[in-house]
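Participant: My request is simple: use the sequences and hints to build the entire structure.
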Amino acid sequence: MTETGLQSEALSLDPPPVAPERDLMNKFDGLIAERQALLDSGVIDPFAIVMEQVKSPTQAVIAGRDTILLGTYNYMGMTFDPDVIAAGKAALDQFGSGTNGSRMLNGTFRDHVEAEAALREFYGTRGAIVFSTGYQANLGIISTLAGKGEYVILDADSHASIYDGCALGNADIVRFRHNSVEDLDKRLGRLPPEPGKLVVLEGVYSMLGDIAPLKEMVAVAKKHGAMVLVDEAHSMGFFGANGRGVYEDQGLEDQVDFVVGTFSKSVGTVGGFCVSNHPKFEAVRFACRPYIFTASLPPSVVATAATSIRKLMGATAKREQLWANARQLHGGLTALGFRLGTQTPDSAIVAVILQDQEQAVAMWQALLEAGLYVNMARPPATPAGTFLLRCSLCAEHTPAQLETVIAMFAKAGRAVGAID
Amino acid sequence: MSDRQQILDTVTAQIEPFNKKKVPVTAATTFQGGLEWDSLTVMDFVAAIEDEFDITITMNMQAEIETVGQLVDAVAKLQG
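For the protein sequence lines, the chains are A and B, in the order given.
Under our numbering, the letters of the first sequence match residues 1 to 420, in that order.
Under our numbering, the letters of the second sequence match residues 1 to 80, in that order.
Read the hints as simulated data drawn from the structure, not as lab findings.
Since this is a predicted model, take the numbers as computed values, not measurements.
All C-beta atoms, glycine included, are put in the ideal place defined by N, C-alpha and C.
A portion of the hints provided could be inaccurate.
Stated by the list, open to error - Label-pair ranges, simulated between beta-carbon atoms:
id: 1; chain 1: A; residue 1: SER102; chain 2: B; residue 2: PRO24; range: 51 to 59 Å
id: 2; chain 1: B; residue 1: GLU66; chain 2: A; residue 2: SER56; range: 46 to 54 Å
id: 3; chain 1: A; residue 1: ALA37; chain 2: B; residue 2: PHE18; range: 24 to 32 Å
id: 4; chain 1: A; residue 1: GLU21; chain 2: B; residue 2: LYS77; range: 32 to 40 Å
Stated by the list, open to error - Computed footprint of chain B on chain A, listed as stretches where at least three residues anywhere in the stretch have a Cβ under 8 Å from a Cβ of chain B:
id: 5; region: 171 to 181
id: 6; region: 379 to 388
As the list claims (entries may be wrong) - Some chain A residues flagged as far from chain B (calculated, every beta-carbon gap over 10 Å):
id: 7; residue: VAL18
id: 8; residue: LEU31
id: 9; residue: GLN53
id: 10; residue: PHE95
id: 11; residue: LEU105
id: 12; residue: GLN136
id: 13; residue: LYS222
id: 14; residue: THR344
id: 15; residue: ASP420
Facilitator: As structure tokens, then:
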């Protein structure tokens, strides 16, 4: 074996040299450094949480410790509903573990149709289309509805899936100040009257848990001849007489053209959808790439969704408990002196606003070590550069559990200096 | 004074309240690198420009605008 031979062998095991200026991964250096600095400070990695066991909609085991879950979007606590689980098991047995295909071709099974029927009943609409996730529902509907030369007008605090739907499509994008009816009016007024326009709103904005003034905004949109899409992901099941969302609560059922929602929050599984009364709505199925070019949901998932949606229609007791829980937590945290995202318990999200990343991480960790999981959120996901601990309530939280939660917040908040 | 110069003067005046670091502003100044604005500042500034000239600068256009000079060109074009 020669020297040269050895060198050659060693070289073949090394990664091929990439000139630093052409290494595509270099753009993440800042991100890597920031994350490393956070981990070096000795905190638990907030983005590496593993639920080792899930005991109920409100309890899990994290790092060997019993933990109360206050950061899921399991608003109506449907994930362990016996009927929902039975429907999923039956579908697994009858239809197998997956569909291996697109909705458009071989991926539509009995329970996809069944889930769409349940949605039409729940929302009282003529049309319903199920997507594989809520993200894809926004991505698909927004990019498909508004084409080249048309406009999408969106709230600045819109969810990433709405922004990405805009980016995927070819329409011109205009954004207005969060929940500002006046700004929406001004921006619509500046656009040429002829092209089609889609105004995209959300019923509940998930970072702070605030509600949109949909009544006024939809009136402004209609005045300017725009169609309206409302994302009701964070309101399904507990806003409005039939639990349809904020738009129903504000009496806008004949005004809103498209409602987008998800199965991954109140419904308790995964998937997304859009419902509409538009007579041509079905055409979306043949034009919408995020609907066509992806595998459809597994049969067990759509079966659990259909059963859960039907149960949500009559879930009055759960709905009342969820609102009572929101009032209890919001009231308790307000009394302790925390700064919250909303003045009143407007939704099932209670966001605690903290000073900076250091305080947010320290408090998040103190809560986790005490046995409470909440979501930490930071810019750019949050509005106005805020650092948040976001709590989302579940109908299955008990008043006693929430008393424990409030006591944990009191202790952790004092420890990090967030409250006196 | 040309229209373009007038627009540049107006844009420069609009930059002033957002220019916390007092960066000297020329047509070649970039918003992200030069003025070091974050996305929220950019949004507020764009809104101010839109109100000032009564125009719409879509997000699609914003993505193409990196320097003060490019913004001035865009405003001139939008004013037609």
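Participant: Look at each hint and say if it fits the structure.
Facilitator: Quick rundown of the hints versus the structure:
Range check, A:SER102 to B:PRO24: about 56 Å between beta-carbon atoms, so the 51 to 59 Å window is met. Between B:GLU66 and A:SER56 the C-beta distance comes to about 52 Å, which sits within the given range of 46 to 54 Å. A:ALA37 and B:PHE18 have their C-beta atoms about 29 Å apart, which keeps the hinted 24 to 32 Å range intact. For the pair A:GLU21 and B:LYS77, the beta carbons lie near 34 Å from each other, so the given range of 32 to 40 Å is met.
By the rule of at least three residues with a Cβ nearer than 8 Å to a Cβ of chain B, the coverage given for the region 171 to 181 of chain A holds, with 5 such residues. Under a criterion of three residues with beta carbons nearer than 8 Å to beta carbons of chain B, the stated coverage of the region 379 to 388 of chain A is upheld, 3 such residues being counted. Every beta carbon of chain B lies more than 10 Å from that of A:VAL18, the smallest distance being close to 25 Å; the non-interface claim holds. Distance to chain B confirms A:LEU31 as a non-interface residue, since its nearest Cβ pair spans about 16 Å, more than 10 Å.
Remark: the non-interface label on A:GLN53 is consistent with the geometry, its nearest Cβ contact in chain B lying 40 Å away (cut-off 10 Å). The beta carbon of A:PHE95 sits about 43 Å from the closest Cβ of chain B, which is more than 10 Å, so the claim that it is off the interface holds. Under the 10 Å C-beta cut-off, the non-interface status given to A:LEU105 relative to chain B holds; the minimum distance is some 33 Å. Consistency note on A:GLN136: stated as away from chain B, and its beta-carbon is indeed over 10 Å from all of that chain's, at 21 Å minimum.
Non-interface call for A:LYS222 relative to chain B: holds, since the shortest CB-CB distance, roughly 20 Å, exceeds 10 Å. Chain B leaves A:THR344 outside its interface by the beta-carbon criterion, the shortest separation being 26 Å against a cut-off of 10 Å. The claim that A:ASP420 is not at the interface with chain B holds, since no C-beta of that chain comes within 10 Å of its own (minimum 30 Å).
Hint check: no violations occur; every hint is consistent with the structure.
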